[in-house]
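Visitor: Here are the chains, one letter per residue:
Protein chains: 2
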Amino acid sequence: MDATPVWFMRQAGRFLPEYRQLRERYAMLELVQTPELAAEVTLLPMRLGVDAAILFADILLPLQAMGMDLAFVSGQGPVLGHPVQDAEDVARLRPVDVETELGYVLETVHTARQMLAGTAPLIGFAGAPFTLASYAIEGGGSRHYLRTKQLMHGRPEIWQALLDRLTDVTLAYLRAQVQAGAQAVQLFDSWAGTLSPADYRQFALPYSRRVLSGLSDLGVPRIHFATGTAGMLPLLREAGGDVISVDWRVDLRRAWDQIGHDVAIQGNLDPALLFVPQNALAQGVRHVLAQADGRPGHIFNLGHGILPETPVGNVQFVVDLVHRESAKAKGEQL
Amino acid sequence: MDATPVWFMRQAGRFLPEYRQLRERYAMLELVQTPELAAEVTLLPMRLGVDAAILFADILLPLQAMGMDLAFVSGQGPVLGHPVQDAEDVARLRPVDVETELGYVLETVHTARQMLAGTAPLIGFAGAPFTLASYAIEGGGSRHYLRTKQLMHGRPEIWQALLDRLTDVTLAYLRAQVQAGAQAVQLFDSWAGTLSPADYRQFALPYSRRVLSGLSDLGVPRIHFATGTAGMLPLLREAGGDVISVDWRVDLRRAWDQIGHDVAIQGNLDPALLFVPQNALAQGVRHVLAQADGRPGHIFNLGHGILPETPVGNVQFVVDLVHRESAKAKGEQL
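Here the protein sequences line up with chains A and B, keeping their order.
Counting along the first sequence from 1, when you hit position 105 you're at 101 in the numbering used here, and nothing is skipped either side.
Counting along the second sequence from 1, when you hit position 309 you're at 305 in the numbering used here, and nothing is skipped either side.
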């Protein structure tokens, strides 16, 4: 069927009842670090008819491998012990031998790929250096990213040392995922949108570019994800990626015009629309499809991760609607 | 002196030690609702040399006047009891006689204006209908605005009734502030940036436009403030205002090109930059000034409210730097 492909950030997450059942038996890290379980979770959303499986893992695993204490605290999200504050903290971050220290992720990739048996491609992923740095410095999520911005502007030499280390690990990690069987990779710069365009250009872009260009010889599609970037889409494109992901705060057509039509685009439904009645949800889906105008290179997705309480029926509804309407529109264009 | 004017959102707030001292003696609502105290707070930041006084008040006061329970909970921010969920809740919101029920704000305006004695203009303000609605529905701040978006899309007739009421009160409230002596007004649509452009156009823009156009006969400058709007700046302009405020997530030059040069612009330093060493802070300030290019109609400001722990010395530094550099640049242009 010639239809627009659709998948969702966090599609293997908490909104699925099967996932919540597994989480009752296993802690988050246990689930992520046991390859047969992580592979099972990776495949859970395939029953909805999504067009790709996304590796079940967490962007903070490389920070743990570098020596940081990582815990998932209920109701609070991830917490990293002893956040990075100075040059000594950076020096303490270990280089990572991906094959051994993150070998469980590679095994998950391998197992999930076998389980999929060619029914859908498997997408691997990693956090972008800037977003990883913000977690390492803030010790978790943040509202204003004050410590991150203080280090970045106040101690640029420490910033650079930190980002260099994160860049090296991220690149090695993604290359290893591809070698283990990932057929596409996604670089998550989830919090890049907290930066001004000038700061993004100076403090984040060079590192993301190193990761993305360092993957080019592998011949797999590279998806570059960020949110809140409506004011700096050309910079995202400059950083690289075969697909740029945009959120719902910008019209997809306008975003694509700015990014350039030689690059594919992923997006951009507001995740909150999965909570509204299906007639209004359908209108939102059709708006995104209309903006993409049936152009090849559009991947239907949300603007950010699927929210935990999202009704599964509405996710199924969106998958089916995207497939049906886009196939119909493409049929009419022929 | 022919220099770029500068003031700050929340300049009369917690970052000032004098304010924190007052807050040790008075609860938030007591401070806001005692005109002589609120006027005193309004004038506190004038010692820094800012070019306007901004009324000390809170955008949620009209919701309280409409009958909602409002409390400021330490560490949690504002909390509104019995959030709006259905048509009955909307019907329960009372029309407001601004002169009596919000008379204390008008008295603050009057007193502050007298105390300023012509040394600087006084800016009044109100929350925009969409942002007020989001507080009324969520019962406080929110991360994903799920209930707001559910009501908006799921019960559009209730949404419209709610927004109509909020629009009427907001317009009457701002008109009364001008009549009491405010020399400019600011409409705060702080959370408009959570909406997609299509949703903003349908569910927020018409109400903000009614407020802003309903002030046009008064002959005072209308400032239209929102954040996270880099993807929909032309819509902000369409909603109205003589000045559009933009945040740091878009280059000011690019924003102005989109908004149109026949409208003034306010912005757009990242509030986090007030926490970095002064050489880096100065670079950020100069970047904003360079983007504005000495054009008349630029008001230097932050992209959002000044943060509570901001060092006062850095605020003073920015005020002085903006005045000095912009005066120099304008002198050179002559």
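Quick caveat, the hints were computed from the structure, so don't treat them as lab data.
It should be emphasised that the depicted structure is a prediction, and the values quoted were computed from it without experimental measurement.
Check before you lean on any hint, since a few could be wrong.
To be verified - Facing chain B, according to a computed beta carbon distance under 10 Å, are these residues of chain A, among others:
| hint | residue |
| --- | --- |
| 1 | L27 |
| 2 | G189 |
| 3 | P193 |
| 4 | R245 |
| 5 | P292 |
Stated by the list, open to error - Derived list of chain B stretches under chain A, where covered just means 3 residues or more per stretch with a C-beta under 8 Å from a C-beta of chain A:
| hint | region |
| --- | --- |
| 6 | 54 to 62 |
| 7 | 135 to 146 |
| 8 | 193 to 199 |
| 9 | 226 to 235 |
In this text, a Cβ means the ideal position worked out from N, Cα and C, and glycines have one as well.
Visitor: Work down the list of hints and note, for each, if the structure agrees.
Guide: Hint check:
| no. | hint | result |
| --- | --- | --- |
| 1 | L27 | 24 Å, violated |
| 2 | G189 | 6 Å, holds |
| 3 | P193 | 5 Å, holds |
| 4 | R245 | 5 Å, holds |
| 5 | P292 | 24 Å, violated |
| 6 | 54 to 62 | violated (count 0) |
| 7 | 135 to 146 | holds (count 5) |
| 8 | 193 to 199 | holds (count 3) |
| 9 | 226 to 235 | holds (count 3) |
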